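**Student:** Read off the chains here:
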Amino acid sequence: MVKYVYLKNVLNPQNMTKYKLEKNMEVYSKCSDYASDACPCELAENGCCIVCSMCRGEDYCSCTDTVSFCVYQDLISNGGKARPRRRSVSCQVTFVKQYGDDFRFIRLNIPDGDTTEFKKLGAYVFVRTNENPHFDTPISVLYDEQKNNSIGLLIQMQGIKTNCFRNLQKGDSVYLRGPYFNGIQGRKMIAGLRGGSAAVFCRGIGFLPSLGVILTLKANGNKVDVYLDRGNFNTHLLNLLSRVFEVHLSEVDMCDETGKITDEMRSVIDKHLQNETGLLHFGMSDYLIKNIAEILDTYSQIPSVSFINNVQMCCGEGICGACTRNIDSPGVVHLCKEQLDMEELKKIMKVKI
Amino acid sequence: MSKIVIAGGGWAGVSAAVSAKKAGAQAVLIEKTDMLLGAGNAGGIFRNNGRFTAAEEMKALGAGELFDIMDQCALHKGISFPGHVHASLYDVGAIEPVVRRFAEDIGIELMMESHIMDVRFSNGKIHALLLDDGTGIEGDAFVDATGSSGPMGNCLRYGHGCSMCIQRCPTFGPRVSLTAKCGIRDLVGKRADGTPGVFSGACKIDKESLSPELRKQLDTEGVAVVKVPDEDIDYGKLGRKACKQYALKEYSENIILLDTGAAKLMTSYYPLGKLRKLPGLENARYIDPYSAGKGNSIRYLSVAPCLDTMQAEGVDNLFCGGEKGAPLIGHTEAVLTGALAGHNAVRCTENKEQVVLPDSLAVGLMISHSHQNFIQKRKYDERYTFSGGSFFELMKELGLYTTDIGEIASRVELAGLTNMFGSTLP
Ligand SMILES: Cc1cc2nc3c(=O)[nH]c(=O)nc-3n(C[C@H](O)[C@H](O)[C@H](O)COP(=O)(O)OP(=O)(O)OC[C@H]3O[C@@H](n4cnc5c(N)ncnc54)[C@H](O)[C@@H]3O)c2cc1C
Ligand code: FES
Numbered sequence: 001m002v003k004y005v006y007l008k009n010v011l012n013p014q015n016m017t018k019y020k021l022e023k024n025m026e027v028y029s030k031c032s033d034y035a036s037d038a039c040p041c042e043l044a045e046n047g048c049c050i051v052c053s054m055c056r057g058e059d060y061c062s063c064t065d066t067v068s069f070c071v072y073q074d075l076i077s078n079g080g081k082a083r084p085r086r087r088s089v090s091c092q093v094t095f096v097k098q099y100g101d102d103f104r105f106i107r108l109n110i111p112d113g114d115t116t117e118f119k120k121l122g123a124y125v126f127v128r129t130n131e132n133p134h135f136d137t138p139i140s141v142l143y144d145e146q147k148n149n150s151i152g153l154l155i156q157m158q159g160i161k162t163n164c165f166r167n168l169q170k171g172d173s174v175y176l177r178g179p180y181f182n183g184i185q186g187r188k189m190i191a192g193l194r195g196g197s198a199a200v201f202c203r204g205i206g207f208l209p210s211l212g213v214i215l216t217l218k219a220n221g222n223k224v225d226v227y228l229d230r231g232n233f234n235t236h237l238l239n240l241l242s243r244v245f246e247v248h249l250s251e252v253d254m255c256d257e258t259g260k261i262t263d264e265m266r267s268v269i270d271k272h273l274q275n276e277t278g279l280l281h282f283g284m285s286d287y288l289i290k291n292i293a294e295i296l297d298t299y300s301q302i303p304s305v306s307f308i309n310n311v312q313m314c315c316g317e318g319i320c321g322a323c324t325r326n327i328d329s330p331g332v333v334h335l336c337k338e339q340l341d342m343e344e345l346k347k348i349m350k351v352k353i
Numbered sequence: 001m002s003k004i005v006i007a008g009g010g011w012a013g014v015s016a017a018v019s020a021k022k023a024g025a026q027a028v029l030i031e032k033t034d035m036l037l038g039a040g041n042a043g044g045i046f047r048n049n050g051r052f053t054a055a056e057e058m059k060a061l062g063a064g065e066l067f068d069i070m071d072q073c074a075l076h077k078g079i080s081f082p083g084h085v086h087a088s089l090y091d092v093g094a095i096e097p098v099v100r101r102f103a104e105d106i107g108i109e110l111m112m113e114s115h116i117m118d119v120r121f122s123n124g125k126i127h128a129l130l131l132d133d134g135t136g137i138e139g140d141a142f143v144d145a146t147g148s149s150g151p152m153g154n155c156l157r158y159g160h161g162c163s164m165c166i167q168r169c170p171t172f173g174p175r176v177s178l179t180a181k182c183g184i185r186d187l188v189g190k191r192a193d194g195t196p197g198v199f200s201g202a203c204k205i206d207k208e209s210l211s212p213e214l215r216k217q218l219d220t221e222g223v224a225v226v227k228v229p230d231e232d233i234d235y236g237k238l239g240r241k242a243c244k245q246y247a248l249k250e251y252s253e254n255i256i257l258l259d260t261g262a263a264k265l266m267t268s269y270y271p272l273g274k275l276r277k278l279p280g281l282e283n284a285r286y287i288d289p290y291s292a293g294k295g296n297s298i299r300y301l302s303v304a305p306c307l308d309t310m311q312a313e314g315v316d317n318l319f320c321g322g323e324k325g326a327p328l329i330g331h332t333e334a335v336l337t338g339a340l341a342g343h344n345a346v347r348c349t350e351n352k353e354q355v356v357l358p359d360s361l362a363v364g365l366m367i368s369h370s371h372q373n374f375i376q377k378r379k380y381d382e383r384y385t386f387s388g389g390s391f392f393e394l395m396k397e398l399g400l401y402t403t404d405i406g407e408i409a410s411r412v413e414l415a416g417l418t419n420m421f422g423s424t425l426p
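Chains as they are written, first to last, in this note's numbering: chain A, 1 to 353; chain B, 1 to 426.
Careful, some of the hints might be misleading.
[Stated by the list, open to error] Just a sample of chain A residues kept apart from chain B, beta carbon distances all over 12 angstroms, derived:
id, residue
1, SER90
2, ASP101
3, GLU117
4, ASN132
5, ASN239
6, VAL252
7, GLY259
8, GLU294
9, CYS314
10, GLY321
11, ALA322
12, GLY331
[To be verified] Taking beta-carbon pairs under 10 angstroms as the criterion, some of the chain B residues facing chain A (in silico):
id, residue
13, ILE116
14, ASP132
15, PRO151
16, GLY153
17, CYS162
18, CYS169
19, PHE172
20, GLY173
21, PRO174
22, ALA180
23, ASP186
24, PRO196
25, GLY197
Just so you know, the hints here were simulated from the structure itself, not pulled from any lab data. All of these numbers come straight from a predicted model, not from anything done at the bench. All C-beta atoms in this analysis are idealised placements derived from N, C-alpha and C, irrespective of residue type, glycine included.
All chains should be modelled from the sequences, with the hints used to inform the complete structure.
**Tutor:** Structure follows, in structure tokens:
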């Protein structure tokens with residue numbers, strides 16, 4: 001499960017520089033690593049590339065949405081070898097703050113000082129405190145701070161993998177691997193919406209990974225309505241986050257205790273579908289996403305959708321298989337790495353739980 | 001009014017849009033780059049050999065507008081060069097805006113810089129084309145005129161890498177085969193040795209980089225033939241070329257330059273160092289493709305199996321034009337197949353019987369002959385053009401080759417097809 005966080009300078013919001021998104025030439029293809037520093041990866045080297053038919057050993061190029069970067073060309077010019085896989089690096093903790101019992105905010109120093117990649121839409125990292133490389137925890141990047149070469153993570157401590165962060169103090173170090181970019185499904189739909197309108201629905205902690213989505217949508221000139229169901233999430237933190245990132249929240253009770261979607265939520269969704277809102281984003285558990293998918297199914301036409309990637313993952317490289325799902329396409333999809341198109345998104349919303 | 005959506009704005013796509021519009025439909029033309037005409041921006045030769053006959057047949061059939069524009073933009077008319085007579089050369093630097101204005105004037109809706117990525121397809125029908133930003137463009141019938149060159153991976157495996165041709169895949173995105181998206185397997189043209197794909201057959205040199213004497217000769221005569229030093233002659237290259245009509249010995253022993261606004265070099269690629277050894281070319285510089293010293297685009301990797309009506313086999317409302325619809329080389333050939341695809345697309349939406357052009361016309365024979373050899377007989381190593389190779393020989397043999405415009409008009413009249421493309425459907 002990706003745990004989320006996005007925060008700015010928690011100590012002193014007034015001192016923060018505003019979160020700015022740069023418009024750079026980013027290509028959103030089927031693979032969230034396409035054209036990144038890690039591409040071509042071991043999948044390409046071993047004939048399993050998500051994007052490139054030629055790297056998969058087929059006879060002809062059937063690229064569809066890629067520009068500028070030819071995975072096959074890069075693989076060949078790199079001697080048929082993958083680019084080095086992301087390695088764990090040791091990072092110093094420069095700041096820690098505890099929220100309630102379960103949430104711990106940590107700021108990490110990035111050794112090479114380059115944090116630009118960490119602010120991409122859907123960026124997440126794997127972190128751990130101990131030497132054992134098998135128990136990495138995926139956590140969304142809350143923000144990057146170029147001035148201080150640091151990134152912020154907010155970790156919900158709830159099990160054996162995350163409890164090790166409880167005693168973490170300033171000056172300690174953690175192992176960090178990343179960033180990876182598949183923390184959000186529907187990155188292309190989000191990045192592609194310009195000057196339109198979007199509705200973002202979040203419940204509890206799902207608000208955290210959705211912050212990057214809200215900020216991206218806003219930076220692209222869209223009108224964004226954000227609806228929040230606090231659930232039993234730390235209210236103080238939510239208030240702080242919405243103040244720091246200047247996100248206006250409308251409170252909605254999204255579900256009852258059994259997870260059934262409320263009439264109130266239905267009518268908000270209905271209003272947005274009537275108003276031809278360009279994109280609906282869901283930052284909530286897979287169970288709720290599934291219930292909402294069933295409601296969306298009753299409409300003849302729905303706009304683009306995106307949602308947070310709640311999937312359990314382990315390697316993040318599309319290799320180990322911890323994150324796979326079957327959506328009756330040929331083969332399985334590796335949700336740690338693969339972006340789904342609208343049809344697949346609709347299917348996966350329903351099969352996930 | 002039915003709505004025809006055309007994918008790809010090369011000569012074939014433009015021609016399909018024009019004929020759909022004239023048949024009374026709404027025509028939407030989607031092109032990934034910022035220019036119409038596709039490979040037509042790199043070519044320029046028309047009316048050479050049998051293409052003269054074909055152009056005049058098309059005019060008599062009522063699809064003359066695009067040929068009129070070519071004539072109007074011609075820098076040279078009636079010139080000869082090895083193996084070719086009465087050729088015209090249009091100005092590749094000037095023709096695209098003229099075509100674009102014409103298309104807009106007759107009410108074709110142009111969607112430029114719109115990259116098609118996928119189709120919405122079910123029950124044997126396409127419902128919409130999907131752009132890469134997720135927009136769906138719905139229509140009643142569709143034309144796939146996306147050509148057969150690229151994307152980069154193909155030029156890399158079967159050529160010498162992306163040579164930066166007019167398609168500009170790295171910038172505007174890859175060609176996408178709509179027929180393949182509907183589950184139809186693309187047929188693949190091959191070289192004499194069986195390798196898939198064929199190099200495009202010409203490149204453009206910046207005229208300004210030629211010596212004043214050579215430039216003057218091109219300006220006045222339209223042609224220049226320069227002898228290649230013996231040590232640099234490469235006969236092997238002929239088999240790798242797309243253009244059968246230029247796969248002649250003369251094209252190995254000489255370099256042949258034609259004035260199409262730029263200096264068109266009639267060979268698929270030619271190392272710059274060798275080129276600069278030739279008199280008058282000491283400072284030569286390529287402008288299309290930029291890497292013509294090393295390679296050229298790879299074509300004919302995506303030809304769809306089509307009926308002679310240009311309908312794609314297996315999809316009720318998809319028609320193909322240009323290199324997509326048959327292994328044909330040339331602007332004239334693209335205009336022909338495009339026009340028929342656009343026209344039959346309208347007929348299909350109005351439940352009218354579709355048209356097949358008869359073999360008594362060179363244009364009809366071209367379609368049936370190329371389909372028969374490529375699709376039925378699986379001869380993947382031949383490509384067809386009115387201007388040379390086996391098809392021109394066949395035209396001559398059957399008495400179809402003529403430059404007598406009166407004879408052509410009566411031929412079309414006899415087939416009962418005068419102005420067929422010119423009038424709205426009854
Ligand atoms: C260098 C060169 C020189 C030539 N010289 C001559 C000549 O002198 N005389 C002659 O008669 N013939 C010549 N030819 C051949 C002739 O140009 C072609 O056979 C003919 O123009 C093909 O037309 P077409 O419309 O089928 O394809 P193209 O011209 O290839 O057009 C395809 C169009 O579809 C667009 N497209 C592709 N994929 C997509 C997508 N996914 N979404 C949206 N749009 C898309 C492309 O951008 C392009 O504009 C030459 C060819 C080359 C390459
Ligand atoms: S997490 Fe290992 S394959 Fe996806």
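**Student:** Grab the minimum beta-carbon distance between VAL252 (chain A) and chain B and tell me whether it stays above 12 angstroms.
**Tutor:** holds, 27 angstroms
**Student:** Per the CB criterion, is GLY197 (chain B) less than 10 angstroms away from chain A?
**Tutor:** GLY197 (chain B) check passes; min Cβ-Cβ to chain A is 9 angstroms, inside 10 angstroms.
**Student:** Can you verify the interface hint for PHE172 (chain B): is its Cβ closer than 10 angstroms to any Cβ in chain A?
**Tutor:** With a minimum Cβ separation of about 7 angstroms from chain A (threshold 10 angstroms), the hint on PHE172 (chain B) holds.
**Student:** If we take the beta carbon of GLY331 (chain A), is the closest beta carbon in chain B still more than 12 angstroms away?
**Tutor:** GLY331 (chain A) clear of chain B: closest Cβ-Cβ about 18 angstroms, beyond 12 angstroms.
**Student:** Non-interface claim for CYS314 (chain A): all C-beta distances to chain B beyond 12 angstroms?
**Tutor:** holds, 31 angstroms
**Student:** Confirm or reject the statement that GLY259 (chain A) sits farther than 12 angstroms, beta carbon to beta carbon, from all of chain B.
**Tutor:** Check passes; 30 angstroms lies beyond 12 angstroms.
**Student:** Using 10 angstroms as the Cβ threshold, decide whether ALA180 (chain B) counts as touching chain A.
**Tutor:** Hint on ALA180 (chain B): holds, closest Cβ of chain A at ~7 angstroms, below 10 angstroms.
**Student:** Using the nearest Cβ pair, does GLY153 (chain B) come within less than 10 angstroms of chain A?
**Tutor:** Because about 3 angstroms separates GLY153 (chain B) from the closest Cβ in chain A, which is inside the 10 angstroms limit, the hint holds.
**Student:** Restraint: ILE116 (chain B) near chain A, CB-CB cut 10 angstroms. Satisfied or not?
**Tutor:** holds, 9 angstroms
**Student:** For the hint on PRO196 (chain B), just tell me whether its beta-carbon gets within less than 10 angstroms of chain A.
**Tutor:** holds, 7 angstroms
**Student:** Please settle this one: SER90 (chain A) was flagged as non-interface, so is its CB more than 12 angstroms from every CB on chain B?
**Tutor:** Its Cβ never comes within 12 angstroms of chain B, the nearest being 38 angstroms, so this holds.
**Student:** Are CYS169 (chain B) and chain A close enough, Cβ to Cβ, to be under 10 angstroms, as the hint says?
**Tutor:** Since chain A brings a Cβ to about 7 angstroms from CYS169 (chain B), closer than 10 angstroms, the hint holds.
Hint violations for this structure: none, all hints satisfied.
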